[in-house]
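Protein chains: 2
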Amino acid sequence: MAGQRKAGPSSYFDPARIDTLDPRTAELVRRRTDALGPAYRLFYEQPVQIVRGSGVHLYDANGVEYLDAYNNVASLGHAHPRVTDAVCAQAGVLNTHTRYLHEGIVRYAEDLLSTLPPELGHVMFTCTGSEAGDLALRIAKHHTGGTGVVVTRNAYHGVTTEVAAISPSLGGLDSLPPWVRWVPAPDAYRIDPVALGYADLGEWFAAQVQAAIDDLAANGIRFAAFVADSIFASDGVLADPAGFLAPVREVVARAGGVYLADEVQPGFGRTGDAMWGFVRHGSETAPFVPDIVTIGKPMGNGMPIAATILTPEVVAEFGRDMRYFNTFGGNAVSVAAAQAVLDVVREERLQENARVVGASLRAMLGELATRHAVIGDVRGAGLFVAVELVVPGTDREPDEALTLKVVNGLRRRRVLLGTAGIDNNVLKVRPPLVFSRTDAERLVTELDATLAELGG
Amino acid sequence: MAGQRKAGPSSYFDPARIDTLDPRTAELVRRRTDALGPAYRLFYEQPVQIVRGSGVHLYDANGVEYLDAYNNVASLGHAHPRVTDAVCAQAGVLNTHTRYLHEGIVRYAEDLLSTLPPELGHVMFTCTGSEAGDLALRIAKHHTGGTGVVVTRNAYHGVTTEVAAISPSLGGLDSLPPWVRWVPAPDAYRIDPVALGYADLGEWFAAQVQAAIDDLAANGIRFAAFVADSIFASDGVLADPAGFLAPVREVVARAGGVYLADEVQPGFGRTGDAMWGFVRHGSETAPFVPDIVTIGKPMGNGMPIAATILTPEVVAEFGRDMRYFNTFGGNAVSVAAAQAVLDVVREERLQENARVVGASLRAMLGELATRHAVIGDVRGAGLFVAVELVVPGTDREPDEALTLKVVNGLRRRRVLLGTAGIDNNVLKVRPPLVFSRTDAERLVTELDATLAELGG
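Residue numbers (my numbering), protein chains in the order written: chain A, 1 to 456; chain B, 1 to 456.
To be clear, the hints were calculated from the coordinates, so they are not data collected in a lab. Since the model is a prediction, treat every value here as computed from it, not as a measurement. For every residue, glycine included, the Cβ atom is placed at its ideal position computed from N, Cα and C. Do not rely on the hints blindly, as some may be mistaken.
Said to hold, decoys possible - One-sided excerpt, in silico: chain A residues whose CB lies under 8 Å from chain B: (1) PRO47; (2) GLY53; (3) VAL93; (4) ALA109; (5) VAL123; (6) ASP134; (7) GLY172; (8) LEU173; (9) LEU176; (10) GLY302; (11) ARG323; (12) TYR324; (13) LEU342; (14) LEU368.
Pulled out of the complex, with its shape left as it was, chain A reads as follows:
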C-alpha cells in the first residue's frame, strides 16, 4: 500500500500556512494536528469551522452562512428533522445488533430491496461504504475463486486495505497490487471512440475491460470482479451517453466475473433518472442488473450505515462457508435513520427534484460556458454535476491551478464545492438533494463572479 500522493497544489489546507489564519482558527488547527496527527486534511486555503447546518446551508463559528453544494451525505439537507426524530426515538429505546431478532432491520431491508432489480435478493449491512466494498470483494473472490479486479484510472472505492488497493486515486498507479488492472475511464469529453475504431463509447470501454481481463489471464490471475462507481465521480463525473456501461456488463458476465456497481455516490436518487445510478445504463427491455451493489454515504443522512446488496447466487458459497457479523452494521439506530431517509426521499420526491434542478443547473452552467472560455465541458446527471476547466485556445489542456483558485474563491463567496478528475481540474457540484432552482442560480451567479475575478 505504499505510494506517494501527487505533489503540487491541492484543495487542502497547507499546514505550513498556519500563520495566515486568524488566531482562533490557527489555535484550533494546531490542537487538531497535535491530536489527530499528520494524515488528516482540511478543506480550503482557509479552513471552515462549521458549527450548524440546516437544509442546504452551513454556518460557521461567526454565524456566516454558506451554500452547501458539496455534501452528498446530508442528502435530505443538514439536520433533517425526520432523521433527528427517528434517531432520538430509537436511541432512547434500544440500540442492539443483528444477532437478536429485530423487526426494524427486516422491514427496512425489504423496503430497500423493493427499490432494486428483483435479482438482487439479499442485503448485508455494514457501517461504511469502505466496509461494504470490502465485503463485496471478499464475497466476489470467494464466489469466483479468483482474485483479479479491474477498475478505472482514478477510481476511489474506500479506505480499508482491500478497497484502498483498488483505488488508484489514493496512492497512484504504483500502489496497485499485482491482482489489480486499471482501464481508462469512459470520458466522452476526451475520447472519440469512432476515431479509435469503435462504434461508440460503450464498445470502446468494453474493449478496454476485455483487454484487462485478458491480461490478468495471461498472467495466471483468475478474474474476480469489475468494479465501477456508476457515475465515475473521482474520474471526473462521467454520465453520458447513458447506456455506455451495457457492453462492459456483458463482457464481465462472459468472463465469469462479478459486476460490482459502487452506488455509494450516485445512489438514492441523486442521478435524477432513477433511484440507482446504474439504471440509466439499461432500458425497460434490457434492464442493467449488477451482481453486487454497494451503497453508503447518504443512506442515513450522516448516521453511519452502508450495505452490500447481492444476488443469492453470488453469496451462496460465502453463506455456507463463513458467517458474517458486524457489531454496528445494521444497528437499530442507524437503521431507523435509514428508514427515515428512504421515506423522505420518496415523500419529498427528491429524485424528481434532482432531475429537474440538476437539468436547470446544467443549462445555466452551459450558458456560463458561452461567456467563460475556461469552461471546457458541463456534464452530469441529476444533482451530480461537473464543470471541467481547461486552458482556452489549447486542445482541452486541464487547468488545475485555476480550478483550485475557483474552489477557494467560491469558498470566500460562501459557496462550498470540491474538485474531481485525474487532473483535478473538474468542479464537482454534488449538493444535498433539496437544492432548489434558487440555490442553483446563486451557485451560478457566484461562479460567474469568481471566474470574472480570476480573469477566466
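Chain A is fixed; fit chain B onto it per the hints.
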C-alpha cells in the same frame, strides 16, 4: 479468505429447526433470512426478539425481561439517557465530517488521549473496530516495510479482508495467508510453563512469538506486527497472571515490529484495574506502552465509532505519503456520543464498579465451582469473566456440548451470555459495566440452577 467454519453444534439458531419456533417468531425469522441472506446468524436455539433495553435489562416482544450479561457495547447500560441526549442534541444541529474544523472532535481526541500513555500521541477515527484494526495494519506495514503478522490461535480482530485474514477464529487455520503466523494463547489453566522449561507464562509466551517471528524471517517475510486483544476474549478470556505480556512486548520491539494492542473488548474500564486492558501487564516503574492501540465497541455505547491510536513515530511516514479520510469516522454525532460515554465512565466510576462487582462475581462463581465439578476454571479481570466447563474426572477435557446447553438453559431462565475459546467450552460473562452485585447474584443463582438441571 476461503475456509470452512467448524461443523457441529454452535450457540447459533439452526435454520433447519424453524418449525420449533412459535408462528410469529418463525415468520420474522423467515422474512429475515429472505432479506439478509445465508451469512447471518441468530443467537440461541430460540432466538430472542429484543424490543427495548434499559440499564442491564433487555425486554422481548412479549414484555419478558432478561438480564444482559453479554453485551459489552452498551457498556453504560442500554439506552443510557446521557448518550441519548448527546446524540439527539448533536443530530439536531450538525453532523458533518473531519474535513471541516470542529471543536467537538478535537476536545474529545484530547480527552481520550489523556487517558492513555503519553507516548500514544495521535488518534485517528473510524466507524468500527474492524476499520480501526485494518487502518492499524496498513500503517504498521507502511512503517515497517514488512508484511508479517503474528496472532494467537483463536484470535478475532474483525471482518474486513485484512483483519479477517489475521482472525483464525473466523475461517480456521487453513484460511490464514502466508504472511500470518499463529501462536498458542497464553492459557494459564492449560499451560504449565515451568514444566516446559520456562520461568513463567510470560517467558513461555514470548518464546512462542519469537519462534513465529523467526519463522517469518526464515521464509523471507519481514515482520510487521504482533497483534493481541489484551484480554484474549476469543481465546477464552485470559487475564492472569497480570504482567505476562511484558516479555512479548520486548520481543516485538527487538524484532523491529509494531505492538498492536486490540482494546476493542477490554478497553474503557472493563478490566477494572485501569481504563485499558494492557495497563495491567505493566507497572508503575515499567509501564506497558503499545505502539498502536485500537478501540471500538463500547466507545459510543452503540453509536458507530472506533479509533486507531498511535505513537507519532509509527504514523509519520504514512502521514507524509498518504492522506486519510473516513466519511463517517469521527462524525459529530458519534463523537458527541463518545464524549458522553467517557464522561459517564468517570462520573459513575464504572471502572471501579467493574473491579468490585467483577471480584464479587468471580468469588461467587468460585464457590459454585466447589459444588459443580464441571466448572474447571473461573477467571477474568473486572467485568470480563470466564467460566470454563470440563468433563469431571478427566484432565480438563472441554465440554462444549454442556456449555451450549448451559447458554440455552440460561436464556430460558432469562439470563443472556455467550461462549468463547477454541473449544467453545467457556461461558463468557461480559455485561454492561453498570452490572451490580445483585445482578451478579442473580446470574450465579440461575447458573447454579441450570447446572443442577443439566446434572452438572
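Exercise. Is the shortest C-beta separation between LEU173/A and chain B less than 8 Å?
Worked result: violated, 15 Å
Exercise. Once the shortest beta carbon distance from GLY302/A to chain B is found, is it less than 8 Å?
Worked result: This interface hint holds because 4 Å falls under the 8 Å limit.
Exercise. For the hint on LEU368/A, does the least C-beta distance to chain B fall short of 8 Å?
Worked result: violated, 27 Å
Exercise. Holds or violated: LEU342/A as interface residue toward chain B, Cβ cutoff 8 Å?
Worked result: Not OK, violated: LEU342/A not within 8 Å of chain B, min 14 Å.
For this session: With chain B as the partner, please determine if PRO47/A meets the hint condition of a C-beta pair closer than 8 Å.
Result: With a minimum Cβ separation of about 5 Å from chain B (threshold 8 Å), the hint on PRO47/A holds.
For this session: Go through the hint on GLY53/A and say holds or violated, using the shortest Cβ distance to chain B against 8 Å.
Result: Because about 5 Å separates GLY53/A from the closest Cβ in chain B, which is inside the 8 Å limit, the hint holds.
Exercise. Holds or violated: LEU176/A as interface residue toward chain B, Cβ cutoff 8 Å?
Worked result: This interface hint is violated because 14 Å lies over the 8 Å limit.
Problem set entry | Supplied contact hint for VAL123/A, tested at 8 Å Cβ to chain B | holds, 6 Å
Exercise. Do the numbers back the hint for ASP134/A, that is, is its least Cβ distance to chain B under 8 Å?
Worked result: This hint holds: ASP134/A lies near chain B, its Cβ roughly 5 Å from the closest one there, short of 8 Å.
Problem set entry | chain B contact restraint on VAL93/A - CB to CB distance below 8 Å | At about 5 Å, which falls below the 8 Å cut-off, the nearest Cβ of chain B leaves the hint on VAL93/A intact, so it holds.
For this session: May I ask you to test the interface hint for ALA109/A with respect to chain B, counting a Cβ-Cβ separation under 8 Å as satisfied?
Result: Cβ of ALA109/A sits 4 Å from chain B, so the hint holds.
Exercise. Regarding the hint that TYR324/A lies at the interface with chain B, is the smallest CB-CB distance below 8 Å?
Worked result: holds, 4 Å
Of the hints listed earlier, those the structure fails to meet are numbers 7, 8, 9, 13, 14, in rising order.
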